[in-house]
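Engineer: Chains as they are written, first to last, in our numbering: chain A, 1 to 213; chain B, 1 to 184.
It should be emphasised that the hints constitute simulated quantities derived from the structure, not laboratory data. Careful: at least some of the hints might be erroneous.
As the list claims (entries may be wrong) - Some, not all, of what chain A presents toward chain B, calculated at C-beta under 7 Å:
(1) I7
(2) I16
(3) A17
(4) A22
(5) V24
(6) P84
(7) A86
(8) T155
No residue lacks a Cβ here, since even glycine has one placed at the ideal position from N, Cα and C.
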Amino acid sequence: MQTADLIDRLSSEDPIAPRSGAVVPLAGLLVGGCIVSFLVMWAWLGFRPDLAQAVATSAFWMKFAYTLTLAALCFWLVERLGRPGAGIARPQRMILLPLAVIFVLAIAQIATAPAALRMHLLMGASSHVCPWRIVALSLPIFVAAALGLRRLAPTRLVAAGAAAGLLAGAMGAWIYAFHCDESAAPFIALWYTLGIATTGAIGGASGKWLLRW
Amino acid sequence: MSAAEVHLKTLMLAALAGDKAAYRGLLGALGEQLRRYYRRRLPPSDANVEDLVQETLIAIHSKRGTYDTALPFTPWLYAIARYKLLDHLRRVRLRPTVPLEEAGDLFAGDESEAASAKLDLEKLLAALPASSQAIIRQVKLQGLSTADVAARTGKSEVAVRVGLHRGLKALSEKLRERQDRADR
Numbered sequence: 001m002q003t004a005d006l007i008d009r010l011s012s013e014d015p016i017a018p019r020s021g022a023v024v025p026l027a028g029l030l031v032g033g034c035i036v037s038f039l040v041m042w043a044w045l046g047f048r049p050d051l052a053q054a055v056a057t058s059a060f061w062m063k064f065a066y067t068l069t070l071a072a073l074c075f076w077l078v079e080r081l082g083r084p085g086a087g088i089a090r091p092q093r094m095i096l097l098p099l100a101v102i103f104v105l106a107i108a109q110i111a112t113a114p115a116a117l118r119m120h121l122l123m124g125a126s127s128h129v130c131p132w133r134i135v136a137l138s139l140p141i142f143v144a145a146a147l148g149l150r151r152l153a154p155t156r157l158v159a160a161g162a163a164a165g166l167l168a169g170a171m172g173a174w175i176y177a178f179h180c181d182e183s184a185a186p187f188i189a190l191w192y193t194l195g196i197a198t199t200g201a202i203g204g205a206s207g208k209w210l211l212r213w
Numbered sequence: 001m002s003a004a005e006v007h008l009k010t011l012m013l014a015a016l017a018g019d020k021a022a023y024r025g026l027l028g029a030l031g032e033q034l035r036r037y038y039r040r041r042l043p044p045s046d047a048n049v050e051d052l053v054q055e056t057l058i059a060i061h062s063k064r065g066t067y068d069t070a071l072p073f074t075p076w077l078y079a080i081a082r083y084k085l086l087d088h089l090r091r092v093r094l095r096p097t098v099p100l101e102e103a104g105d106l107f108a109g110d111e112s113e114a115a116s117a118k119l120d121l122e123k124l125l126a127a128l129p130a131s132s133q134a135i136i137r138q139v140k141l142q143g144l145s146t147a148d149v150a151a152r153t154g155k156s157e158v159a160v161r162v163g164l165h166r167g168l169k170a171l172s173e174k175l176r177e178r179q180d181r182a183d184r
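With the rest of the complex left out, here is chain A:
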């Protein structure tokens, strides 16, 4: 086909595009992914039995705040990476903020705890399963994020995949918090972050072929 014919054909279509781009579908897919992941958590692990009392504790909301802030910032990052040529410096810097807060909290708790308790604050009772469960719960959300990202136009596939992985990891960790009864900041800072980072690594490694368009 001649390029001129192609231009004729393309410009005969309505050029109006919604200003939001494909961000709304991305958000919709993420909500769907979260619902799936939530149901998996419910069927597989169950809610923590003391959920009703836990919602009155600050530790419960600390987990919420950490994972959801991280998720919101990762969503911003994913959205920027889905738009060709858009800068990512600001969301990238901002992501360090919740990480810094949780690590400061963790260090403060360890520093003020009696020496005999410190190891328990870090290791809790479920550190051996925590990151893996977070990765597992993140996978449906990661699939949704990747599908949504493909509707945008990522041009840096490894970075976009990693950002989608981190986003899915943060949301998966949030959902896992409905089951997990650990409440120490050091535990969250280490094991939740590890699960989120692992999902990010999976995203980065698969981005190159998963996100091609």
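The hints should help you fit chain B onto chain A, whose structure is shown.
Structural biologist: Below, chain B without anything else, positioned relative to chain A:
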């Protein structure tokens, strides 16, 4: 801000607001820009320039909703152009192609002797593990140096040499086995 940026962004904003004439003008101008962009980056004889221009125009059309109107237009344009260029180069590296005009050379002359030898070699190679197969192909058939292969695959040069040595040893063993069977 360059004149091209101002001009193209004006057209893009009008197009996104529904102005078909502006959209046609934009695609025409982008066609020119992209042709220049790809000509400068591909070998002069490359017949893929026009394909890439068209592919990129289609991408621009289908992804026009990802342009953030708060940002300049040309970085968006060139990020897509560059993505399509890298994607193209990656595909060509995976599956080298020859322009149709030169393809005749591939079939000219009687090469059945060479072809059957090559077929034999392919059969033997196919029995080797994939990693040593790849090394032998690159070093012995394509004539790359072990350093080149190391750079391409991200292995150390020593690892490539060891792989090559093992692969050739296995290959000669396979040949000997076959010879034995034929002698029997």
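Engineer: Evaluate each hint against the coordinates.
Structural biologist: Hints, one by one, checked against the model:
no.: 1; hint: I7; verdict: holds, 5 Å
no.: 2; hint: I16; verdict: holds, 5 Å
no.: 3; hint: A17; verdict: holds, 4 Å
no.: 4; hint: A22; verdict: holds, 6 Å
no.: 5; hint: V24; verdict: violated, 10 Å
no.: 6; hint: P84; verdict: holds, 3 Å
no.: 7; hint: A86; verdict: holds, 6 Å
no.: 8; hint: T155; verdict: holds, 4 Å
In the structure shown, a violation is registered for the earlier hint numbered 5 alone.
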